[in-house]
Amino acid sequence: MVQRKSMKRNNNDPQTNRHHNYVCIKTATHPGKRIAKATLFLVSSLIISAGLLDLLGGFDFTTFAGLKQVTTTTTRKSPITELHRFPHQCDVLLQNQTQEQEQHIPISEDRTTSNNQNNNNKHRSSHSRPSTCPSYFRWIHEDLRPWRETGITRGMVEKARRTAHFRVIILDGKVYVKKYRKSIQTRDVFTLWGIVQLLRWYPGRLPDLELMFDPDDRPTVRSKDFKGQQHPAPPPLFRYCSDDASLDIVFPDWSFWGWAEVNIKPWAKSLVAIEEGNKMTQWKDRVAYAYWRGNPYVAPTRRDLLRCNVSAQEDWNTRLYIQDWVKESREGFKNSNLENQCTHRYKIYIEGWAWSVSEKYIMACDSMTLYVRPKFYDFYVRGMMPLQHYWPIRDNSKCTSLKYAVHWGNTHLDQARKIGKEGSRFIREEVKMEHVYDYMFHLLNEYAKLLKFKPEVPWGATEITPDSMGCPATGRWRDFMAESMVMFPNEVSPCEMPLPYNPLELREFLLSGGRYRIKVTPIFTRITNVTIPKNTLTTPLKFTLQCSLDNNNITIQTCPASYPEKSNPKDDAETCPDYFRWIYEDLEPWRETGITRETLERASGKAHFRLIIKGGRVYVHQYMKSFQTRDVFTIYGIVQLLRMYPGQVPDLELLFMCHDFPEIWRRDYRPRPGVNVTWPPPPLFHYCGHAGAFDIVFPDWSFWGWPEINIMEWNKLSKALSQGTKKVKWEERKPYAYWKGNPGVAKIRRDLMRCHDPMVHLYHQDWRREGRIGFRTSNLEDQCTHRYKIYVEGRAWSVSQKYILACDSMTLLVKPLYFEFFTRSLVPMEHYWPIRLREKCGDIIFAVRWGNNNTKKAKAIGRNGSGYVLQNLKMKYVYDYMLYLLQSYGKLMKMNVQVPEGAKEVCSETMACPINGGRVRQSMDDSLVMFPSVKGACEMPPPFEEDELKKFLKKKESVEKEVEKWTNEYWEEQKKRYLNKNS
1 MVQRKSMKRN NNDPQTNRHH NYVCIKTATH PGKRIAKATL FLVSSLIISA
51 GLLDLLGGFD FTTFAGLKQV TTTTTRKSPI TELHRFPHQC DVLLQNQTQE
101 QEQHIPISED RTTSNNQNNN NKHRSSHSRP STCPSYFRWI HEDLRPWRET
151 GITRGMVEKA RRTAHFRVII LDGKVYVKKY RKSIQTRDVF TLWGIVQLLR
201 WYPGRLPDLE LMFDPDDRPT VRSKDFKGQQ HPAPPPLFRY CSDDASLDIV
251 FPDWSFWGWA EVNIKPWAKS LVAIEEGNKM TQWKDRVAYA YWRGNPYVAP
301 TRRDLLRCNV SAQEDWNTRL YIQDWVKESR EGFKNSNLEN QCTHRYKIYI
351 EGWAWSVSEK YIMACDSMTL YVRPKFYDFY VRGMMPLQHY WPIRDNSKCT
401 SLKYAVHWGN THLDQARKIG KEGSRFIREE VKMEHVYDYM FHLLNEYAKL
451 LKFKPEVPWG ATEITPDSMG CPATGRWRDF MAESMVMFPN EVSPCEMPLP
501 YNPLELREFL LSGGRYRIKV TPIFTRITNV TIPKNTLTTP LKFTLQCSLD
551 NNNITIQTCP ASYPEKSNPK DDAETCPDYF RWIYEDLEPW RETGITRETL
601 ERASGKAHFR LIIKGGRVYV HQYMKSFQTR DVFTIYGIVQ LLRMYPGQVP
651 DLELLFMCHD FPEIWRRDYR PRPGVNVTWP PPPLFHYCGH AGAFDIVFPD
701 WSFWGWPEIN IMEWNKLSKA LSQGTKKVKW EERKPYAYWK GNPGVAKIRR
751 DLMRCHDPMV HLYHQDWRRE GRIGFRTSNL EDQCTHRYKI YVEGRAWSVS
801 QKYILACDSM TLLVKPLYFE FFTRSLVPME HYWPIRLREK CGDIIFAVRW
851 GNNNTKKAKA IGRNGSGYVL QNLKMKYVYD YMLYLLQSYG KLMKMNVQVP
901 EGAKEVCSET MACPINGGRV RQSMDDSLVM FPSVKGACEM PPPFEEDELK
951 KFLKKKESVE KEVEKWTNEY WEEQKKRYLN KNS
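Under UniProt numbering, the residues of the sequence shown are numbered 1 to 983, in order.
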């Protein structure tokens with residue numbers, strides 16, 4: 001176990017001071033080098049003199065050799081070059097440190113190198129779509145919130161110099177540093193090294209900026225010092241951790257690129273080693289005690305922990321060891337390999353003087369982490385949840401809390417192992433180096449947006465490059481730089497930033513266990529075994545929630561002991577809407593092979609949860625939390641399906657992914673020479689599909705409500721929209737195109753906002769402001785006031801499509817890349833007017849003018865689109881679609897459906913009863929199915945014939961081309977008129 005600040009600096013210790021002697025000048029006596037040596041001596045003398053002069057104004061000490069001294073703020077852009085390992089360039093660098101390298105091989109504009117070399121970074125496909133960032137990225141918005149209104153001025157930055165150790169400047173893709181004081185060990189060196197690697201990972205994509213960095217342990221920017229008018233904004237200061245009383249901006253610590261003083265390798269390499277170490281001892285074969293090894297002398301809380309060690313009088317179920325780093329250093333670190341410390345079922349994390357870098361190494365071990373309640377947090381831990389990723393330990397009663405945790409784990413082995421595995425998975429997948437660089441990228445980009453001044457390179461700053469930092473290094477310092485060097489630019493765009501928390505959502509997150517809250521109130525409360533109760537009761541006349549209370553009026557909820565058997569609704573002679581036919585197409589990949597256990601499990605790494613239906617009961621095995629309550633209301637919708645059609649959904653297992661983008665891409669399953677392609681693809685349920693993806697499309701969560709932005713469940717909202725269309729007659733509506741939404745989520749929306757024309761009315765929807773004023777101006781039923789409404793996708797599809805179509809206005813549908821389950825049967829010029837992706841503004845203007853000159857036709861298109869949604873998308877049909885999709889999916893299963901140990905049974909009672917009021921409970925109450933359906937499901941239409949489907953798609957394409965032709969002719973005529981007028 002690694003604990004921070006565990007080795008005191010010793011100026012006489014060669015192990016800890018090698019970095020002070022980063023000079024590797026060749027001593028050969030070749031006559032041709034005498035001039036170079038003399039020049040080097042002269043330059044060195046000048047630098048020393050400049051340093052002495054600078055001392056008069058403030059000590060500026062640098063440990064870097066071979067850095068170019070900057071004496072002017074004028075910088076010159078250099079072309080992006082092929083990334084190389086610095087040892088091959090060091091001789092050239094040392095012969096002439098003040099000249100630019102001339103042996104660079106340029107990178108092409110798509111950032112791919114022109115030749116292949118052995119490297120530490122594998123090429124990644126440039127065709128892969130960016131994924132959504134882990135949830136902890138949302139805290140970037142919170143960390144920068146103090147400057148959201150005011151921005152960051154140069155004066156604010158300069159105030160941070162009081163405690164900063166160095167200033168970082170990024171200008172024209174180059175990194176400069178001005179140092180004010182030395183850090184502990186080489187924290188500053190490897191932090192700067194990490195920033196240099198970030199610019200190699202995303203070359204040319206970092207904005208110009210200046211920042212101040214303090215690599216000491218504890219935060220210094222206290223929020224209480226900056227309240228009131230006399231302090232409008234605090235100084236922005238970057239550091240490795242913060243706490244609830246501070247405003248320091250949290251940044252990844254130096255150890256991600258290596259901690260040479262204690263022989264901790266770079267994170268990418270350490271993570272692989274720990275993963276291999278996990279395999280050495282199976283979890284059930286591990287020592288059944290809590291383990292900790294570290295330096296107890298850095299903080300009182302650690303010394304207090306030692307009282308919990310085993311003794312002749314008491315066994316607290318712990319095994320605690322003191323780590324003597326000085327002795328380890330003398331013995332070559334033989335006994336401190338992190339990968340050899342995954343031998344206990346439970347590992348303790350406890351802070352040192354502040355947070356500890358040991359956190360990630362402990363949690364990566366598959367052992368259940370016993371997390372002593374911390375005061376400080378680093379950048380990623382805010383995305384972790386107690387009892388999901390770790391077991392919380394009280395700080396004021398460590399011994400008894402630890403003893404109970406170990407006892408509980410040893411009597412609940414599967415659940416304890418699951419917590420350990422989930423914590424390890426979080427660290428392995430959510431905190432891998434790709435995400436570390438993405439976090440740095442987004443943090444610096446968001447920070448740079450706030451700057452109200454032009455960044456400049458101050459006098460005395462030095463440019464840093466891999467060569468200038470790596471070539472003078474020796475020993476482990478040089479080895480770790482070589483191992484953590486980025487060898488190729490990343491060919492995948494950074495992950496998509498999640499939206500910031502709104503105040504209510506943040507409050508709910510903190511109350512539900514986020515940010516170290518010990519009390520946890522999970523929505524899914526019942527832990528089950530695999531015994532399935534028999535169905536014995538007949539269908540009740542009415543399903544009511546049966547919420548139970550204990551003697552203290554606290555909800556203690558379980559699911560009913562028995563469920564009704566299959567109901568016998570009357571047959572429904574009507575045929576399902578045409579979009580039901582796409583169920584056959586979505587399941588076609590598994591039509592011949594079926595779905596085996598092996599096929600299904602290949603999707604588990606991408607899923608947010610596994611849902612099992614067995615014996616009419618629903619069980620959920622959650623892998624990760626989704627954005628907002630998407631997962632909750634998706635599961636709630638499936639629970640309502642079983643209330644509507646009891647006994648009609650077969651036993652099945654499915655995996656569901658709640659992110660925006662599809663995940664199972666067709667290109668990955670096409671036969672390719674020399675590539676072993678596994679067929680069929682894994683079945684993964686998702687809210688939207690893509691022509692190039694195999695994801696199985698399922699109704700999204702908003703049909704049961706979107707409480708975070710006050711959108712009602714669909715049955716209630718569709719009636720409100722139907723009434724809203726009657727408030728203003730079509731002919732009396734504003735003859736313009738209308739759109740209101742959040743343009744910040746996607747470039748396509750930001751492009752739309754640049755359409756400045758009197759015929760186009762565009763509004764920015766600020767959901768945070770809406771939340772503060774009670775959502776008074778965002779009622780969807782009040783937005784049916786224009787003749788034309790625009791639909792444009794967000795990150796992927798948008799749930800707004802059904803609300804826009806339902807308004808009777810002619811929908812101007814910007815050509816989408818993604819589709820929902822019901823949208824594939826929409827027809828252009830029958831249900832909507834098609835808008836080209838690249839010609840949005842011109843197409844919209846023409847559509848409005850066409851509609852105002854052809855009001856009857858425009859009105860008919862609007863009515864058809866509204867009728868399609870309000871008639872063909874009734875909640876009865878949504879449930880029918882779910883029923884047929886799950887029935888068809890269940891028929892493909894070639895495996896025994898099992899309820900995994902630790903899965904949680906869910907029902908309406910366990911999901912709704914523990915929630916006391918609020919919009920979440922309101923949405924659940926509104927969408928609760930109170931009776932089994934008295935009508936049978938609609939009759940499933942037959943699948944498309946091959947020629948029929950081709951004709952349908954060709955018809956849509958033909959109509960779109962016809963509209964494109966009209967639009968182009970119109971603008972050509974407008975151009976001619978303009979030229980004639982001005983000739």
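Honestly, I wouldn't trust all of these hints.
Simulated crosslink set (EDC-like; lysine to aspartate or glutamate; CA at most 20 Å straight-line) [what the hints assert, rightly or not]:
#, residue 1, residue 2
1, 375, 304
2, 334, 479
3, 961, 973
4, 418, 430
5, 891, 663
6, 454, 901
7, 904, 651
8, 891, 592
9, 432, 663
10, 284, 962
11, 856, 839
12, 904, 601
13, 614, 172
14, 716, 731
15, 815, 960
16, 950, 483
17, 421, 285
18, 432, 414
19, 334, 276
20, 950, 962
21, 418, 781
22, 955, 430
23, 859, 782
24, 227, 244
25, 740, 708
26, 606, 663
27, 269, 585
28, 815, 751
29, 857, 782
30, 857, 830
31, 727, 781
32, 403, 315
33, 227, 142
34, 719, 782
35, 452, 751
36, 269, 142
37, 951, 585
Please keep in mind that the hints were generated in silico from the structure rather than gathered at the bench.
TODO: Starting from residue 269, check that the Cα of residue 142 is at most 20 Å away, please.
DONE: 31 Å, violated
Task: Hint consistency between residue 334 and residue 479 [alpha-carbon to alpha-carbon, up to 20 Å] - done: 18 Å, holds
Open item on the list: So if I understand the rule, the pair passes when the alpha-carbon distance is 20 Å or less; does residue 432 with residue 414 pass?
Closed with: Roughly 26 Å separates the two Cα atoms, so the pair is violated.
Open item on the list: Given the hinted pair residue 859 and residue 782, is their Cα-Cα distance within 20 Å?
Closed with: Status holds; Cα separation ~19 Å.
- [ ] Given the hint that residue 950 pairs with residue 962, test it: the Cα-Cα distance must not exceed 20 Å.
- [x] 18 Å, holds
Open item on the list: Against the 20 Å threshold, does the CA-CA distance of residue 284 and residue 962 hold or violate the hint?
Closed with: Roughly 67 Å between the alpha carbons, so the hint for residue 284 and residue 962 is violated.
- [ ] Quickly compare the C-alpha distance for residue 857 and residue 782 to 20 Å and report which way the hint goes.
- [x] Distance of about 24 Å is beyond 20 Å: violated.
Open item on the list: For residue 716 and residue 731, compute the direct alpha-carbon distance and say whether it is at most 20 Å.
Closed with: 27 Å, violated
Open item on the list: Check the hint pairing residue 719 with residue 782 against an upper bound of 20 Å on the C-alpha distance.
Closed with: 13 Å, holds
Open item on the list: Would the hint linking residue 227 and residue 244 be met if the CA-CA limit is 20 Å?
Closed with: At roughly 15 Å apart (the allowed maximum being 20 Å), residue 244 and residue 227 satisfy the hint.
TODO: Sort out whether residue 839 lies within 20 Å of residue 856, counting only the CA atoms.
DONE: 25 Å, violated
Open item on the list: Checking one constraint from the list: CA of residue 432 to CA of residue 663, max 20 Å. Satisfied?
Closed with: 19 Å, holds
Of the hints listed earlier, those the structure fails to meet are numbers 5, 6, 10, 11, 13, 14, 16, 18, 21, 22, 27, 29, 35, 36, in rising order.
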